[in-house]
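Student: Take a look at the letters that make up each chain.
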Amino acid sequence: MNWWQRLVGRKTMEEQLDKEVRFHLEQCAEELMARGVAPEEARRRARLALGGPEKVKEECRDARGTRWLEDFWQDFRYALRTLRRKPGFTLVAMLTLALGVGASTVMFTVVNGVLLRPLPYPQPGRLVAVHGHTSTWNTKAFGEQNLAYPDFLDCQRESHSLVLAGSLFDGGTVSGSGDPEYVDLQEISSNLFSVLGVNVRQGRAFLPEEDHIGAAPVMILGYSFWQRHFAGRPEALGASVTFNGKLYTVVGIAPPGFRMRDSEPDVMTPLGQDSAKFLQSRGPHPIGAVARLRQGATLAEAQAELQLIGRHLAEQYKDTNADRSFVAQQLRPHVGDIGSTLWLLLGAVGLVLLIACANVASLLLARALSRERELAMRVALGASRGRLVRQCLTESGVLALSGGAVGVGIAALGCQPFIALWPGNLPRVEEIQFDWRVLLFALAVALLSGFLFGLAPALRAPARELEQVLRGGGRSVAGGSRRLHSSFVISELALAVVLLVSAGMLGHTLLRLSSLDPGINVRNVLVSRMALSPSTLANTDRIRAAWQDVLERARRVPGVQAVATVDTFPMREGFNEVGYWPTADVPEENKRPNALATSVSPEYLEVMGIPLRRGRFFTDQDRIGSEVVVVIDEVLAQQAFGGQDPIGKQLWMPDMGYGPFVVVGVVGHVRHWGLAGDDQAQVRAQFYYPFAQLPDKYLKRWSELMSIAVRTEVAPLSEVESLRRELRGAAGDQVLYGVHTMEQLADDSLALQRFLLMLFSIFAGLALLLACIGIYGVLAYLTGQRVPEIGIRIALGASPSGVMWMVLRQSLGMILVGVAIGAAAAFAAGRILQRLVQGMQPAELLSFAEMVPVLVLAALFASLLPARRASRVNPVIALRQD
Amino acid sequence: MQPKSDLPQGTLDLLILKVVALGPVHGYAIAQRLEQVSRHVVQVPQGSLYPALHRLENRGLLAADWKETETGREAKFYRLTGKGRAQLEKEAASWERLTEAVSLILKLSEGGAE
Chain A
46 MNWWQRLVGR KTMEEQLDKE VRFHLEQCAE ELMARGVAPE EARRRARLAL GGPEKVKEEC
106 RDARGTRWLE DFWQDFRYAL RTLRRKPGFT LVAMLTLALG VGASTVMFTV VNGVLLRPLP
166 YPQPGRLVAV HGHTSTWNTK AFGEQNLAYP DFLDCQRESH SLVLAGSLFD GGTVSGSGDP
226 EYVDLQEISS NLFSVLGVNV RQGRAFLPEE DHIGAAPVMI LGYSFWQRHF AGRPEALGAS
286 VTFNGKLYTV VGIAPPGFRM RDSEPDVMTP LGQDSAKFLQ SRGPHPIGAV ARLRQGATLA
346 EAQAELQLIG RHLAEQYKDT NADRSFVAQQ LRPHVGDIGS TLWLLLGAVG LVLLIACANV
406 ASLLLARALS RERELAMRVA LGASRGRLVR QCLTESGVLA LSGGAVGVGI AALGCQPFIA
466 LWPGNLPRVE EIQFDWRVLL FALAVALLSG FLFGLAPALR APARELEQVL RGGGRSVAGG
526 SRRLHSSFVI SELALAVVLL VSAGMLGHTL LRLSSLDPGI NVRNVLVSRM ALSPSTLANT
586 DRIRAAWQDV LERARRVPGV QAVATVDTFP MREGFNEVGY WPTADVPEEN KRPNALATSV
646 SPEYLEVMGI PLRRGRFFTD QDRIGSEVVV VIDEVLAQQA FGGQDPIGKQ LWMPDMGYGP
706 FVVVGVVGHV RHWGLAGDDQ AQVRAQFYYP FAQLPDKYLK RWSELMSIAV RTEVAPLSEV
766 ESLRRELRGA AGDQVLYGVH TMEQLADDSL ALQRFLLMLF SIFAGLALLL ACIGIYGVLA
826 YLTGQRVPEI GIRIALGASP SGVMWMVLRQ SLGMILVGVA IGAAAAFAAG RILQRLVQGM
886 QPAELLSFAE MVPVLVLAAL FASLLPARRA SRVNPVIALR QD
Chain B
59 MQPKSDLPQG TLDLLILKVV ALGPVHGYAI AQRLEQVSRH VVQVPQGSLY PALHRLENRG
119 LLAADWKETE TGREAKFYRL TGKGRAQLEK EAASWERLTE AVSLILKLSE GGAE
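As given, the protein sequences belong to chains A and B, one line each in that order.
Take any residue in the first sequence, note its place counting from 1, add 45, and you have its number in the numbering used here.
Take any residue in the second sequence, note its place counting from 1, add 58, and you have its number in the numbering used here.
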């Protein structure tokens with residue numbers, strides 16, 4: 046019989062035990078009677094010999110060794126009965142907990158999916174990322190450094206501990222039937238799928254012999270692309286796709302959800318087939334490398350080996366590889382800096398949960414006090430202290446688990462809507478799901494909170510003098526319990542203050558940020574990436590004319606006021622940082638100050654509505670062959686030239702590959718990094734240079750990443766279709782993609798702050814509500830206990846208002862202590878927020894000044910009802926009570 | 059009637075196992091058998107017999123079935139399991155070693171102790 050059968054078969058076992066003992070007694074008595082003893086006397090002697098049937102039975106039960114389980118079962122059913130008897134209390138406690146557990150579970154589900162779940166590959170612990178490393182590289186600002194293709198090939202060939210695979214991100218135009226589409230391309234080495242341990246869904250991965258220049262052009266399609274263009278038909282295998290004007294044969298289809306650096310590639314081609322010049326040099330570092338540790342190899346071995354390879358290459362290729370080494374790190378999901386936001390929210394939700402716990406604890410404690418006589422009776426009947434504690438904890442455990450179950454239900458329903466509310470893209474969103482970790486978390490949170498709020502009532506249960514309790518009828522309130530009650534209320538209030546003040550600070554931050562001038566006129570501006578026809582890009586001579594043509598055609602579209610080309614536009618990912626110097630003796634690379642470089646066409650200033658402060662902006666006369674010019678913003682003017690007039694001064698920028706540049710104008714500063722981020726950005730200085738003066742050798746690369754910006758007279762999005770039609774080009778393969786309005790982008794740059802404010806307001810509101818319920822409940826209980834005392838006071842002449850004031854004073858005391866503790870904690874919370882949220886100001890007194898009175902008033906309001914009830918106590922009834 | 063001896067600690071289990079080893083038997087009969095065989099020297103406290111039986115059953119040394127007695131009444135009959143038999147042999151052997159040693163010590167002549 047196992048423990049479960051014992052538990053279920055408890056009743057049978059009891060019956061059998063009884064039968065066994067009875068059999069013994071009867072047998073014994075019969076024998077005595079056979080010897081002539083009178084029946085009555087025989088039964089008495091039999092019982093005497095056995096030593097009391099009930100005692101024997103009890104000892105047999107103990108001997109079974111599952112006593113605790115049976116006790117637990119008994120406590121469990123008792124708890125259910127007690128909870129059912131007070132449905133109001135049970136419902137409030139359960140809902141409070143369900144809210145707390147549900148909200149934390151939602152947050153944890155997101156944290157789990159985004160930050161904790163391992164990469165979706167077999168043996169993810171054996172995967173590493175390989176980066177380049179130089180002593181001057183600023184990893185914090187630019188991220189990890191990629192590899193030069195020849196360096197990558199050397200590492201791949203010479204490493205014995207790693208199998209390396211590389212990839213290169215690019216994009217291009219798929220044309221042919223239907224509208225041309227600009228798609229994301231990953232050029233991958235032929236072994237990428239096998240290194241990751243991923244099987245293609247259909248067809249095959251690339252072969253090693255396809256990974257060379259001149260091999261037949263082959264392509265693997267991303268799952269979504271395949272669905273979009275081939276409706277998921279298997280005939281896609283073997284079909285040809287025109288990509289950047291070249292025909293590729295489809296050989297495979299990637300599995301759904303296959304991602305590289307958190308985005309699904311549309312199409313993949315063999316990296317080795319790319320004949321681009323920059324892939325043959327060790328200068329540029331475009332290759333992202335992942336690797337799998339070979340059988341038996343360790344990460345440390347791989348590190349040492351890569352270092353050695355790096356040293357050899359540094360000796361061999363001094364001008365490109367001096368000081369360059371390679372490092373391997375555990376491959377981690379690519380989630381950016383989302384982690385801090387997620388932990389912040391999990392922390393805030395944790396506070397709400399704590400408040401919920403304190404609330405339920407004070408409710409339970411109040412009930413435990415009114416049940417004191419029952420507990421005392423149990424002790425008098427022989428229950429041990431441990432047994433009572435266990436009984437109380439079982440009760441709170443049952444409450445916690447049922448609340449937790451409802452909470453998990455809330456989380457299951459609430460998770461998707463919550464993710465949908467998330468501003469922008471949540472990385473690894475496909476990994477967010479209910480798994481065993483989430484359930485374990487919810488269970489742990491529920492049990493832990495059950496333990497937290499059950500402990501106080503449980504520990505004080507049998508601590509009192511029995512006799513006193515049994516006689517006293519629970520009339521007096523012990524000082525200890527009042528202190529315990531107050532401490533619950535105080536901690537609830539303190540936690541609520543933290544959340545309220547944080548919400549207030551976020552609100553102020555958001556207000557301040559939205560009132561900032563972005564530096565441009567965001568109304569009626571459309572921005573969009575634009576891909577020229579692949580055949581144009583292949584021929585450098587035609588590129589300038591092609592862009593000129595784009596501008597002229599766009600200008601002809603009715604409703605368009607002005608149009609410009611621009612390589613990187615504000616409040617969007619993508620920027621070019623260039624070191625500058627105001628004199629000819631330019632210092633070495635990492636000693637130069639940086640500025641953001643933007644290449645534009647002449648109408649850019651008009652499109653964006655950036656104010657011209659001095660001098661002029663570009664004209665069509667600024668072209669190749671004429672004096673190279675720049676226009677700088679106020680920040681750069683100040684940084685480079687101080688108080689002097691910058692017009693006519695020169696700037697040296699070796700990274701640009703030409704120059705020096707003559708400053709011809711000064712314009713207003715634009716918040717390139719978004720409304721929130723710009724003030725704290727490392728590089729704020731900006732300058733513009735004419736696209737028309739860009740040397741030929743850069744034209745192709747720049748054109749591949751070009752955007753157009755359009756100022757319209759009508760709603761900008763209504764112009765998209767006509768622009769698209771007008772700009773398709775002669776071959777019909779020029780594409781607009783990634784269309785936004787500047788208004789959207791400016792708005793989005795505050796989306797995270799807005800989202801945080803919304804969540805913190807919800808949390809703070811919940812906290813306030815819970816704290817008020819808590820203070821109401823505790824005061825109602827405490828005053829209820831004092832009714833006889835109040836009765837005496839009134840009988841002795843205390844006025845109703847005096848009694849009311851007495852109760853309010855008690856609550857005011859708790860409120861003030863709670864606010865004081867909470868304010869200190871909120872100050873600390875403010876510092877955390879300031880570190881984690883862009884654009885956050887240090888904790889302002891204003892937020893405290895606004896939020897604290899809200900809390901104090903709400904709490905006083907909650908205490909008003911019990912206070913009024915106290916003031917209306919009828920002394921005659923009160924004194925006769927009990 | 060001779061004076062009755064209390065059972066040394068831990069021997070009750072051994073005695074129960076031995077009696078049950080002779081064939082399936084119910085609790086009352088075990089008590090009877092123990093008293094008879096020991097010629098009433100060993101007085102089994104009946105109150106501790108049943109907890110001991112339940113403990114042994116719980117440890118898997120005994121198994122039990124409900125059967126009819128010769129008088130036609132239903133009673134719980136205990137029998138030895140394989141595990142119980144092994145335990146009995148082990149404990150019986152160690153008991154014998156112990157009693158031998160104890161009697162050897164007791165047989166020492168007073169003067170020979172030094």
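Treat the hints as calculated values from the structure; they're not laboratory data.
Only a predicted model underlies this, so the values are computations on that prediction, with no experimental measurement involved.
Cβ coordinates follow ideal geometry from the N, Cα and C atoms, glycine included.
Treat the hints with caution; some may be incorrect.
As the list claims (entries may be wrong) - For each label pair, taking beta carbons as the anchor points, the in silico distance ranges come out as:
(1) A/Val137 / B/Ser106: 47 to 53 Å
(2) B/Ser106 / A/Leu161: 22 to 28 Å
(3) B/Gly105 / A/Leu504: 49 to 55 Å
(4) B/Glu132 / A/Gly81: 26 to 32 Å
Student: Confirm or reject each hint.
Tutor: Here's how the hints hold up against the structure:
1. A/Val137 / B/Ser106: 47 to 53 Å: holds (51 Å)
2. B/Ser106 / A/Leu161: 22 to 28 Å: violated (56 Å)
3. B/Gly105 / A/Leu504: 49 to 55 Å: violated (36 Å)
4. B/Glu132 / A/Gly81: 26 to 32 Å: Holds, since B/Glu132 and A/Gly81 (Cβ atoms, about 27 Å apart) stay within the stated range.
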